[in-house]
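**Student:** Here are the chains, one letter per residue:
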Amino acid sequence: MTDAIAATQGKAALSGDARTRRRHAAERRFRMMGLLAVALGVLALVGLLFSILSSGLSSFRQTYVTMDIYLDPGILDKAGNRNPEDLAKVTTFGYAPLIKNSLAKAMNDKGFNSQLEAGPAAELVSAEAPAILRRYVLNNPDQIGETVEFNLLASGRIDGYYKGRVTMASAELDRNISPEQLQLADELKEAGILTTRFNWDFLTAPDASDTRPEAAGVGVAILGSAYMMLIVLALSLPIGVAASIYLEEFAPQNWFTDLIEVNIANLAAVPSIVFGILGLAAFINFAGLPQSAPIVGGLVLALMTLPTIIIATRAALKAVPPSIRSAALGVGASKMQAIFHHVVPLAMPGILTGTIIGLAQALGETAPLLLIGMVAFVRDYPAAPPEGFFDPASALPVQVYNWTQRGDPAFVERASGAIIVLLVFLLLMNLIAIILRRRFERRW
Amino acid sequence: MSVGSIVLVVLVLAVVGYVLGRRRALSTSAATGTRLHSLPGYYGQTVALFVAVPALLVLAAWLFAQPILIENRVRGMIPDSVIPEGGARSLVMADVRNIAGGLDAVLRRDALNEDALVNGNLDFSNVRVRLADVGVALGSDVPREVFDAAVTYRQSAKYGSIGMTVVVLAIALALGAWSLMRIKPKLRARNVSENFIQALLIASSTIAILTTVGIIFSLVFETANFFRMYPASEFFFSTVWNPQFRGGSDLGIIPLLWGTLYVSFVALLVAVPIGLMIAIYLADYAGSRLRSFAKPAIEILAGIPTIVYGLFALITVGPFLRDWIAQPMGLGNSSSSVLTAGLVMGVMIIPFVSSLSDDIINAVPQAMRDGSFALGATQSETIKKVILPAALPGIVGAILLAASRAIGETMIVVLGAGAAARLDLNPFEAMTTITVKIVSQLTGDTEFASPETLVAFALGLTLFVFTLALNVLALYIVRKYREQYE
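In the order they appear, the protein sequences are chains U and V.
First residue of the first sequence: 1, per full-length UniProt numbering; consecutive thereafter.
First residue of the second sequence: 1, per full-length UniProt numbering; consecutive thereafter.
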């Protein structure tokens, strides 16, 4: 009897009976499922980043038309006195013929014999170009009568043609572009009039209207986001650190402290859009602060960031060993001195790391900003702070949302480009946080 | 003086106060031959604190209160007769504010002086044209009363800011002088300034309470307004959501609630198995090399802003599902759908589930694993039969936390789920959620008089209560569970 058991057991230990094999197979399957889950998670990250990068990177390159434009005094300055007020009376419509004529001349010089009239040919140049020209002339009235070389934006469709968004087939159906115009663009490209190069304007230019995706940039949005981050930092860092010091070091155990603790835990989990409702009702409707202003966005985001900073700061304070406090108290420091002279400096790397992570969250937050009117179309740069905090501005994530709501598919590229800018900022902030942690964090 | 320069002046005064206070402490101590109670810096610190803190607090309070007071005063000046048919007083107030803002520019441009404005002998005839010249566009000609209100508005704002400058600087100087005068070597300056600072610390920590009070107050107040205009029973039980601009809207929450729960359910269906398996694999199977790579990679998912996920849903996942699955199977033609939003949101909450479950699985005592192994169980049997049952309450808590995230999530559903309020089972149809409707009812021109706008507050309150309840429950379960093994 015992021999029989020993025999089967010995067999199981070496090769395994059916049941053991089944169990081991189940083990392998379970393992594979785990590995699959990890792979899916990593794959999701890769897919997300790939999708954004592949559709957004092209927004950093832009097609330009380079040509010499004769600034005709007969059109721009009929009075001939270079008086700025008279010059300003010529609207952008007055400038359009200059571009048309110059392009026709450039094509003539290069010996093109396109079937296209000068009018459709000029549509290759962005509708924004006359405005650029006008701005230049108003700033440099002495250049009137001269021939100046300009780098003008090509129209969004032409730009899309070189980025694969527009094809000959799609141009057939498009009212805004024809296959002939695309052929002409190819010829111009060969002649070196049309070039594609890095697009700094995307980072500095303000938003542009629905029909001019080629001119849209994230300049105002970056500035607005930067203003808001300044406000968030100035408000939530001192308040958050002060609150954590009180709760961690001074607060007695009573109902009031409990109330604060419960509040902080719950605020950390309140959906961000509810903070937007608070901002709308309290700051705009009740306190009368202006809509779309960075100050309101900053206040709302500061309230949202506060719990993050408080939680991180408390963890950092808790990590400082009590012996430091005891030693300071032992040599006669007051409690306040022990904390401010010894504990807080030691906890500083942790506090700053938490703050940067909180700021990074605030930078990417969109929903509350929609409610306080940051979706407005803003073309003017806000003034320098502190007055600029009250000017209308946009913000990077809201700009992305804004562009996704527009018809022209070129704005999808712009939105992805803006996301890349946003992600680069987030990456930088997180890198700083990691470096801070690596260099200064002490293990006790 | 602008707010920025007032703040700057107060701060400079505080620095001056510090220097003076310190010097005065040292000199009185030298003159009388008594030792100072505290280090000399603390005497300076008391002066600086008394100069800066009350003055800045008064400044903040003034900035908050002034617009409200002026608004109320001017609002009373507008007679009902000038409020256009079907318009609201707040629209007229917007005109008043615009005109008041434009008047400065008009005055500067036309080199007019204040007297003309105040005495009312300004040429009123072409006000609209002149305001338009300086960039203030008005919808229609303004009645005399509105213009007068604007002049008063501007005047009060001006006197208000002069008053603010005077009061704030007076407080700073008076308190500074008082605290400077009371410096004597015997003064317990360190205790004074430490008590002051402790009061500041307490005040900072009450901000959290104030925020919650603010949220609840603003939600409840406007929701009450809404229910005065629209019956609560209709809101909670009607199955039709159909807002109209001209009134007569149907504002039933049920289709929105259905969409919210459906999207969140799909999201959890994605996130819970994947997140849980990731947590198990990384905790019990993975080698240190894989873990050091995979754990941060998955945590990056939690740090990516939701607008990025929204765009991903809009440009990649939505069209993919439509072109490869929904259309071939004849299930729908919409690129925004419950499945799009749910899948992407699921990816977003994977890290919440995985890192919370990771903590919880690691909290299961090692002795339980060892016991199971000793009985001959394989690793997966140990996990399935011992660890998961032991960790179940904690995992349920983690799932509830993730669910509350999913319900409150906005940008992914705004860009991925669509805007049509619909009660449907087909996951390839566009549906809408509470958060989407809050955004769409509150963006653009918000007029706080119509139920169509105010419904957003009722929706917000519902959302707040929902997520709060889930969170409280989840935290309770997690805490209870932690105690079990500690």
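Hints are not guaranteed to be accurate.
Derived DSS-like pairs: lysine-lysine, alpha-carbon spacing no greater than 30 Å straight-line [said to hold, decoys possible]:
no., chain 1, residue 1, chain 2, residue 2
1, V, Lys158, V, Lys295
2, U, Lys78, U, Lys105
3, U, Lys89, U, Lys110
4, V, Lys295, V, Lys480
5, V, Lys295, U, Lys318
6, U, Lys89, U, Lys100
7, V, Lys480, U, Lys318
8, V, Lys295, U, Lys335
9, V, Lys186, U, Lys335
10, U, Lys163, U, Lys189
11, U, Lys89, U, Lys189
12, U, Lys89, U, Lys163
From chain U, some residues computed to sit far from chain V (all C-beta separations above 10 Å) [as the list claims (entries may be wrong)]:
no., residue
13, His24
14, Pro73
15, Ala79
16, Pro141
17, Asp186
18, Arg212
19, Ala226
20, Ile273
21, Leu278
22, Gly364
23, Glu387
24, Thr404
Here's a subset of chain V near chain U, in silico, CB distances under 7 Å, partners left out [unchecked claim]:
no., residue
25, Phe227
26, Val308
27, Ile315
If you're looking for bench data, these hints aren't it; they were derived computationally from the structure.
Here the structure is a predicted model, which means the values were calculated and not measured.
We treat Cβ as the ideally placed atom computed from N, Cα and C, and that holds for glycine.
**Student:** Take the hints in turn and mark each one as holding or not.
**Tutor:** Consistency of the hints with the structure:
1. V/Lys158 with V/Lys295: Roughly 58 Å between the alpha carbons, so the hint for V/Lys158 and V/Lys295 is violated.
2. U/Lys78 with U/Lys105: holds (23 Å)
3. U/Lys89 with U/Lys110: violated (34 Å)
4. V/Lys295 with V/Lys480: It holds: about 27 Å lies between the C-alpha atoms, which stays within 30 Å.
5. V/Lys295 with U/Lys318: holds (25 Å)
6. U/Lys89 with U/Lys100: Measuring from Cα to Cα gives roughly 20 Å; hence the hint holds.
7. V/Lys480 with U/Lys318: Distance ~23 Å between V/Lys480 and U/Lys318 Cα, so the pair holds.
8. V/Lys295 with U/Lys335: violated (40 Å)
9. V/Lys186 with U/Lys335: holds (21 Å)
10. U/Lys163 with U/Lys189: holds (14 Å)
11. U/Lys89 with U/Lys189: Given that 30 Å is the threshold and the Cα spacing comes to 35 Å, the pair is violated.
12. U/Lys89 with U/Lys163: Distance of about 38 Å is beyond 30 Å: violated.
13. His24: violated (7 Å)
14. Pro73: It holds; U/Pro73 is separated from chain V by about 28 Å at its closest Cβ, greater than 10 Å.
15. Ala79: Nearest chain V Cβ is 22 Å from U/Ala79, so the label holds.
16. Pro141: holds (22 Å)
17. Asp186: Nearest chain V Cβ is 28 Å from U/Asp186, so the label holds.
18. Arg212: holds (21 Å)
19. Ala226: holds (16 Å)
20. Ile273: violated (5 Å)
21. Leu278: Nearest chain V Cβ is 5 Å from U/Leu278, so the label is violated.
22. Gly364: violated (3 Å)
23. Glu387: Non-interface label on U/Glu387 violated, nearest chain V Cβ at 7 Å vs cutoff 10 Å.
24. Thr404: Violated, since 6 Å does not exceed 10 Å.
25. Phe227: The hint is violated - V/Phe227 has no Cβ within 7 Å of chain U, the shortest such distance being about 16 Å.
26. Val308: This interface hint holds because 5 Å falls under the 7 Å limit.
27. Ile315: This hint holds: V/Ile315 lies near chain U, its Cβ roughly 6 Å from the closest one there, short of 7 Å.
Checked against the numbered hints above, the structure breaks hints 1, 3, 8, 11, 12, 13, 20, 21, 22, 23, 24 and 25 and satisfies the rest.
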